[in-house]
Amino acid sequence: MDRFVVVTGATGQQGGAVAKHLLAQGWPVRALTRDATAPKARALATAGAEVVEGTFEDEATIDRYLEGAYGLYIVHPGPISPDQDEIRAGKLLADAAAKRDVAHIVYSSALGADRIGGEKWEIEQHLTALGVSATILRPSSFMENLYTQSETVGVHSGALRTALAPHIRQQFIALDDIGAIATRAFTDPPRFRARTLELVGDALTPPEVAAKLTAAVGHPVPYRQRSIEDLRRINERFARGYELLNSTDGTIPDVDISELRSLHPDLMNFDTWLQRTGLELLRPLL
Numbered sequence: 001m002d003r004f005v006v007v008t009g010a011t012g013q014q015g016g017a018v019a020k021h022l023l024a025q026g027w028p029v030r031a032l033t034r035d036a037t038a039p040k041a042r043a044l045a046t047a048g049a050e051v052v053e054g055t056f057e058d059e060a061t062i063d064r065y066l067e068g069a070y071g072l073y074i075v076h077p078g079p080i081s082p083d084q085d086e087i088r089a090g091k092l093l094a095d096a097a098a099k100r101d102v103a104h105i106v107y108s109s110a111l112g113a114d115r116i117g118g119e120k121w122e123i124e125q126h127l128t129a130l131g132v133s134a135t136i137l138r139p140s141s142f143m144e145n146l147y148t149q150s151e152t153v154g155v156h157s158g159a160l161r162t163a164l165a166p167h168i169r170q171q172f173i174a175l176d177d178i179g180a181i182a183t184r185a186f187t188d189p190p191r192f193r194a195r196t197l198e199l200v201g202d203a204l205t206p207p208e209v210a211a212k213l214t215a216a217v218g219h220p221v222p223y224r225q226r227s228i229e230d231l232r233r234i235n236e237r238f239a240r241g242y243e244l245l246n247s248t249d250g251t252i253p254d255v256d257i258s259e260l261r262s263l264h265p266d267l268m269n270f271d272t273w274l275q276r277t278g279l280e281l282l283r284p285l286l
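Residue 1 is where the sequence shown starts when you use this note's numbering, and the numbers rise one by one after that.
One thing to keep in mind: the hints can contain errors.
For each label pair, taking beta carbons as the anchor points, the in silico distance ranges come out as [stated by the list, open to error]: (1) Leu130 to Arg233: 37 to 47 Å; (2) Pro207 to Glu67: 43 to 53 Å; (3) Asp101 to Ala203: 36 to 46 Å.
It should be emphasised that the hints constitute simulated quantities derived from the structure, not laboratory data. Positions of the beta carbon are idealized from the N, C-alpha and C atoms, including for glycine.
Based on the sequences and whatever the hints tell you, model everything.
Structure below.
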């Protein structure tokens, strides 16, 4: 396998989007997954990826599958898998990549990691200290979460439900754009090396999102705010995140979307995402 990229979490949302774009650009992909027999893993193999089984916690597996790799994409499920040690996994992957002289690493962190700290910020600092060729991506909320997390924070039973106060402006990015930007970083490391990119395609309040959904489907889609206490019963880390957002005055850190669009001209705003893929995903829930 020549100049291949190892993609962790390749059967998940982000890793899947990255693997899809890499394969479309002709990159050989080695997809690391916990279960190579799962439907998404089989679909990746059908699309041309080499699918291998392994975990973030297995140092020997990580070292073996990085041998000969050109690139490494690191993403961790974070609050979706609270039983996993995110810091240990991220550092193991970064250290193994440095040991194997992987040419370029793309690490998926989170928007605001430098301001709020936590696991992803610690991994960012570890990567920087290693001195390897790397790009850090800080995605905002996925537009697709309105669909995939619909029973928690998204579109469900004809309404938009999140724990955000109505005046809070939320930043969004489409998964397809994450995949495209990561692929550009692997294709052109000199342009992306040592860069930290905050990935935002749009910023909207919940009522604004509901209004756009209303216009797209042609009937009212109300916004119904769910309580933090209700969300906490489902996921404590999600609840803490929404508490932090709601504690602000509604202003958001300034992210230069035009600068990101100069790197990735096809960057989607919410309306474009709805037109291309979002409405098709969401219509059954509306």
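Verification of the supplied hints:
| no. | hint | result |
| --- | --- | --- |
| 1 | Leu130 to Arg233: 37 to 47 Å | holds, 39 Å |
| 2 | Pro207 to Glu67: 43 to 53 Å | holds, 52 Å |
| 3 | Asp101 to Ala203: 36 to 46 Å | holds, 39 Å |
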